[in-house]
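*Asks:* Below, each chain spelled out in residue letters.
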Amino acid sequence: MIHTVFVAGLSHRTAPIDVREQLALEEDKLREVLRDVAGGGVCSELMILSTCNRVEVYGVAEVPGEARGAAFRRMTAQRGMNFEVLEPLLYTKTGADAVLHAFRVAASLDSMVLGEPQILGQVKDAFALAQSCRVVGPMLHALMSQAFAVAKRVRTETEIGRFAVSVSFAAVELARKIFGTLDGKTVLLIGAGEMGELAARHLQDQGTLPVYVANRTWGRAQDLARDLAGTAVRYEDFPSVMAEVDIVITSTAAPEPIISVADVLAVLRARHERPLFFIDIAVPRNVEPAVNDLDNAFCYDVDDLRSVVESNLRERQREAQRGEVLVQGEVRKFAERLRDLEVVPTIVSLREKLEAIRRGEVARVLGRLPGADEATKQALEALSQAIVNKVLHGPTVKLRDSSRAGHARRWIEVISEVFGLGTKDRTGPPS
Amino acid sequence: MNAVVFDVALTAYIVAAAAALGSLFGRRDDLARFARLLTVAGWACHTGAIILRWVDLRRAPVLTLAEGVSVVIWVAVLFGLWIEYRYGITTFGAFFLPAILALGLGLPTGLRGLALEPQSQSGWALVHVGLILVGLAALVLNFGSALMYVLQERQIKAKRRGAFYYGLPALETLDHLTLVTLTVGFPFLTVGLVLGILRAWGVPQAGRSWASLLAGDPLALFSLVMWLVYAATLSGRAVGRWRGRRAAYFAIAGFCVLLATLGAGAFFHGRHGS
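Chains L and F, in that order, are what the protein sequence lines are.
Just so you know, the numbering used here puts 403 at position 403 of the first sequence, and the rest follows in order with no gaps.
Just so you know, the numbering used here puts 93 at position 93 of the second sequence, and the rest follows in order with no gaps.
Isolated chain F (complex conformation) (with noise of 0.2 Å):
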């Protein structure tokens, strides 16, 4: 059942992009208002499913990756409504919504059955889950503003009025996205995953060094990678260096990254896969 209703919430996201890119392209504020909606009813079909599969299963759906996942499309989409409201950005959809898309689309696939090790389905990876996946959301939208920032850059530097110009917004608004919607996803990753670091310290490894561990587990591997993305934009932009062109560069980095650790994830067995 949950999975039907996710189904059709998937299915009314990705209708939702088509629309915000439709209207991207063709500058029509109708279908803007359309894909709004639709993310709207898509989102409330999402919670409904969500929340039934927490019934049927008797624990919070945030354990497999396929439930990681939706939990992350699930604040991302929540978090890139309140921008586009909050901004005004009636364009942010047509960026956001194909960015979640890449990650949901793998959900009605094979991903579903992977499941994390009994062990960890304790209240502390509960936490560590939780934290990881709200900041992942945000940096999925930090991805979204930073395509915006570089696509509005070239149009304005290179003096042409492409198709996007007259629907982005302006550039010091797009930069500050990108920074807002890193200093919220970021804190949330690095203790996230500091959790998970600390408990696997916790359990008896004798005789493995921390490269072994990390040598095992490569999405743990992938994850410190993207982590150290992240916070070589933000520690960057802290000293003052790094705006504008070259931080939203970073950001999609930072993207990639984060689709090769959920990919990792996906393929690999390592401590956290079973």
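Only chain L is shown next, with the shape it has when bound in the complex (with noise of 0.2 Å):
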């Protein structure tokens, strides 16, 4: 049964962006492709993952090579792209290897940047859309359902997700190892580079922090303000303004430093040696390296926080390790309730049948004594009862330790053939 799971696709691992992009499809083009693949046949059950990094098909079919085809040909037809060219960078994975490829995308463990968080809510996207278009069955419900769950554990069990992996939110962390909490606390932004006011943007979001901003040119330091609804201060002020705020990013086109060792010396005394964070962005820098030398004076430029950067990709690749054994033993206990699921039918109209023949075998015999009392009748059901709960057991227990060591299918047939079950009954899922 989980032989029939299938996923197809490429990646930023396969395919470059030229080609992901290109085959990029739209919402409606997307419902268009999954209505007709779906009804062509190939395929009981269907999904498709579409963002920047990833195009994926996700399905139940017989011949997973068919329904690849078929569903890959309708999308490179939809953008006017050769099919031809696009099979080579196409993978496929069948049975556990498609669950734990589902299970790893949801829980990020396959993106670009480990653990980011976008991708879990994406693939939740794509499967509503599969299910609005009709195309899910119980098998791929079960498959995401699990892969949503599998997800939430990685990120709450391991730290994938806890470090930051951008200049400017390294920025932010750090301010948190300084200062604890950043509310309350005030930032002054000299220059306007992109990456300061980005770092500004991403401290205002921790809490509520006042913004200064000086520019050697008044009109910028007013549009910049406006944007950052902060004050801005006249360039020559910003010296006087260092002694009232915790945090400083520079990001000017100086040549040469713009604070000085004696600047920041002068500039603690004066705020009573509260702690000040220097964030440097600019290059040449604009802050004196050996700043960071003072007591409670912090300085980090964008080497510093690039290395942040890196040793804190380094702590998600030690979590994602983690995240890969819990997502491995999940893949594991999905197989085994699957086979579970594989017999339970059978096992269902068995009962169903058995139960059918008692109870008009026990009407027949009532009908033959009008003058039952109800302790006979009752006595009549019970007894029928345990007979055939005593025929149930033997069947039951060979299905179930049949599913468990791999071999169901024969079983299925055996018990189906022996007791006249109709396939018609088997209501569970296609297999």
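Check the hints yourself; a few may be wrong.
[Unchecked claim] Cβ-Cβ distance ranges computed for the label pairs, FRET-style:
hint: 1; chain 1: F; residue 1: Ala44; chain 2: L; residue 2: Ser145; range: 42 to 50 Å
hint: 2; chain 1: F; residue 1: Cys256; chain 2: L; residue 2: Asp293; range: 44 to 52 Å
hint: 3; chain 1: L; residue 1: Thr217; chain 2: F; residue 2: Tyr166; range: 35 to 43 Å
hint: 4; chain 1: F; residue 1: Asp29; chain 2: L; residue 2: Asp183; range: 20 to 28 Å
hint: 5; chain 1: L; residue 1: Gln22; chain 2: F; residue 2: Gly26; range: 58 to 66 Å
hint: 6; chain 1: L; residue 1: His272; chain 2: F; residue 2: Leu78; range: 27 to 35 Å
[Unchecked claim] Derived coverage of chain F by chain L (criterion: at least 3 residues anywhere in the stretch with Cβ under 8 Å from a Cβ of chain L; other residues may be distant):
hint: 7; stretch: 6-20
hint: 8; stretch: 163-173
hint: 9; stretch: 241-252
Think of the hints as simulated: they come from the structure by calculation, not from any bench.
All values derive from a computational prediction rather than experimental measurement.
Here a beta-carbon is modelled for each residue, glycine too, at the ideal position from N, C-alpha and C.
Since each chain sits alone in its own frame, please combine them into the complex, following the hints.
*Replies:* Right under this line is the structure:
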């Protein structure tokens, strides 16, 4: 049963960005593809995940190759691409490998930036889209709900998403390591570089941080202050403003440092040694590096922040290892559950069949015994039920054992044949 | 009996300290939880041991040096657990538990026998000793948070992420903690010491100067030095100059003198010892 699950597609690992962006389809087109391919009969269930880093088809089919061909032919046709060009870039995984892949993708273990949180939402959207097109059956439903649960487990039980992996977020993370809460801290932004502005915005998102903006051009300072809901200050005044703020972001194009050790010493004295954090995003640097050696002054330049990002990425990789172990365990559990699921319809129809016979026979006997009292009726019920349960025991145990041993299909056929179970009664997931 | 229960408590503290250090180095949250549980259990045993001893001796068990250290530990663990809870610092145990053990490991050995001179077993002495003990407990935690500050500050300045970077809290939190523990501990210590001085004043000591009083009593001498270090730290902070690293270094220096003071109490017999 698990062997019918497949995933096929391309991702940042196999295909260059120009191919990926060419193949990306908008929602309406995806709906058409989903309906056409599922309607074509090559697969019984289907879902398409289309993001900027991957285009993947998840489905259930007896012959995954056919379903893959049909889906990607249809998609390339939509975008006027040649399927033959695309084909070498496609990978296909089936059975437990497909389940593993689905779990890893949802848990962001296969993402370009490990642990990025958007992918789970994108998988959920893709699943919802397929559901709205009525091309999701019990198998994909089970697979995806489990994938969402696994993703949540990886996120809560590892720290894969905890550490900042961009320069501006690394600056925020450091500010938190110095100040703890950022509520009530103030920021001075000197210069109008884009990265400086971004860092200021990220800081603002962390709490109520008033921002002061200084720029050699007064107009730009005012514009930027308006954008950041901050206050513009005259460039000449920034040294005195430094005594009041907690975080200074510099991103001017000045060829020489604009903040010297002596400046900072004076400022620290004026602010009673309250800590001061310099985020120097400018190249060449705006703050003398020796400022970092002063007590209660901390100075990080772009290279320092980059190395923080690198070490955070290593942290994420370390956490991803733990995530992989966790996901593999979940795949095993899922496969076991599926195997049980495989024999459940047969057990149910067997039970229904025997129960119908029993009820019919009891009614027939009671019809011949019009004077039977309540005690007799109950005894008949109990007797017949006991017989049915004893008869059911053997085949049920055999089916469950064989499913765990992995050869249930043979026994499903044998038992269905022996007891004359109609295939129409088998209402479980198609196998 | 109370000695056995005390040993159980001390053992629990030792294992808890090991687990807390393990959680700090190995970044394992489960170990930190285990350490906290053990600390609470150890503290409960410790409480039981103090009560048992109180009942046995029919007097407050704070008069010998060993008893005093035991009370310091008891208060420090309680305060430390509160700080862990209040500030959410799961790694605090890795710092204050070893500091406590540095005090406590002397106890099961020869220190038990040391007693104050009989005349000092008055209500006056109880207050004098009790206040100092509470003060010392806070100062042990002062040392723990200062040590954390120094480590974390080094990692941030060096721009390298050491093993503890992720486990230690923010610098400002740690600086705040050293200030809180100092401002709690220092008044207790001061009032306790002043009471001791007043009492020494009250005892007739014809013809003896202050200098000779101190010279004859190493415990009092070291206590005075310790008090001066902490007083300097606090006043340095008050005028707004000593924050962060400098304050942390002084807190560590103060703790070293504190250990020396207890050593002086244990190994020299002045008017405090008998």
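*Asks:* I'd like to know which numbered hints this structure contradicts. Please list them from smallest to largest.
*Replies:* Failing hints, ascending: 2, 5, 7.
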